[in-house]
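Okay, so the sequence shown: first residue is 16 according to this note's numbering, each after it adds one.
No wet-lab data here; the hints were simulated from the structure. Mixed in with the good hints there might be a few duds.
Claimed, not checked - Mimicking SDA-like on lysine to any residue, the simulated pairs with C-alpha atoms at most 20 angstroms apart in a straight line are:
(1) Lys35 with Gly48
(2) Lys102 with Lys21
(3) Lys35 with Ser60
(4) Lys34 with Gly68
(5) Lys21 with Leu31
(6) Lys102 with Thr168
(7) Lys76 with Gln42
(8) Lys102 with Leu154
(9) Lys145 with Asp165
(10) Lys76 with Leu44
(11) Lys21 with Thr72
(12) Lys34 with Thr23
(13) Lys178 with Asn95
(14) Lys96 with Ile150
(15) Lys35 with Leu53
(16) Lys145 with Asn73
(17) Lys21 with Asn97
(18) Lys145 with Asn95
Claimed, not checked - Quick list of simulated restraints, FRET-style, between CB atoms:
(19) Arg132 with Thr46: 17 to 25 angstroms
(20) Pro38 with Glu79: 31 to 39 angstroms
(21) Asn97 with Arg54: 47 to 55 angstroms
(22) Ala108 with Thr61: 20 to 28 angstroms
(23) Tyr43 with Ile119: 36 to 44 angstroms
Source: prediction; values computed, not measured. Glycine residues also receive a C-beta, built at the ideal position from the N, C-alpha and C atoms.
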Amino acid sequence: TVLDFKLTRTSADLMLDIKKQDPFTVQYLSTTGTLEYLRLIPVRSTSGYYLLGENITNQQKDFEYHRNMALYNPSTQLPNKNYLSIKLDNLFANEEALSQRNVIVAIELTSFKNIQRLFGKKTGEATLAKVTETINSMLTGFEAILYHVDVGTFVALLLNLAKYQDAID
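Hey, can you work out the whole structure from these sequences and the hints?
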């Protein structure tokens with residue numbers, strides 16, 4: 016049945032969407048073990064509904080690739096400043112979240128471009144990976160997100176802290 020598939024968007028009532036003949040997308044694991052996407056269009060018939068489907072896996076992968084380019088840093092796979100901007104907009108729009116103890120910590124790697132220039136891109140990438148690992152380990156136990164916003168700049172957003180001293184520590 017259609018309920019055996021994982022929907023790519025949450026719907027309050029899938030059967031209502033089908034009755035309205037609204038198209039929807041599902042994902043499933045193929046027999047080869049790869050994730051596949053189907054775009055299904057409900058069509059009313061005398062005995063119920065038919066679902067006409069099209070495999071949109073390639074289009075979905077293209078979409079995810081371009082979304083990731085826009086929202087994630089390719090070097091560290093961390094969210095970038097576009098993602099941070101969206102997160103901050105949502106935070107400032109939420110009165111309850113804004114009333115909590117939230118902290119933004121910016122971390123600048125001084126002269127990081129010189130490391131890349133002197134030792135090459137591979138060493139620069141390895142340095143960024145180690146810095147990412149180190150900062151993430153320090154954020155364990157906190158409701159926090161680490162962003163890679165510029166070549167040598169990271170931002171940690173700590174949310175709902177028990178006390179501000181936790182961020183300083």
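Q.
Could you work out which of the previously given hints the structure breaks and list their numbers from low to high?
A. Failing hints, ascending: 1, 2, 13, 16, 17, 19, 20, 21 and 22.
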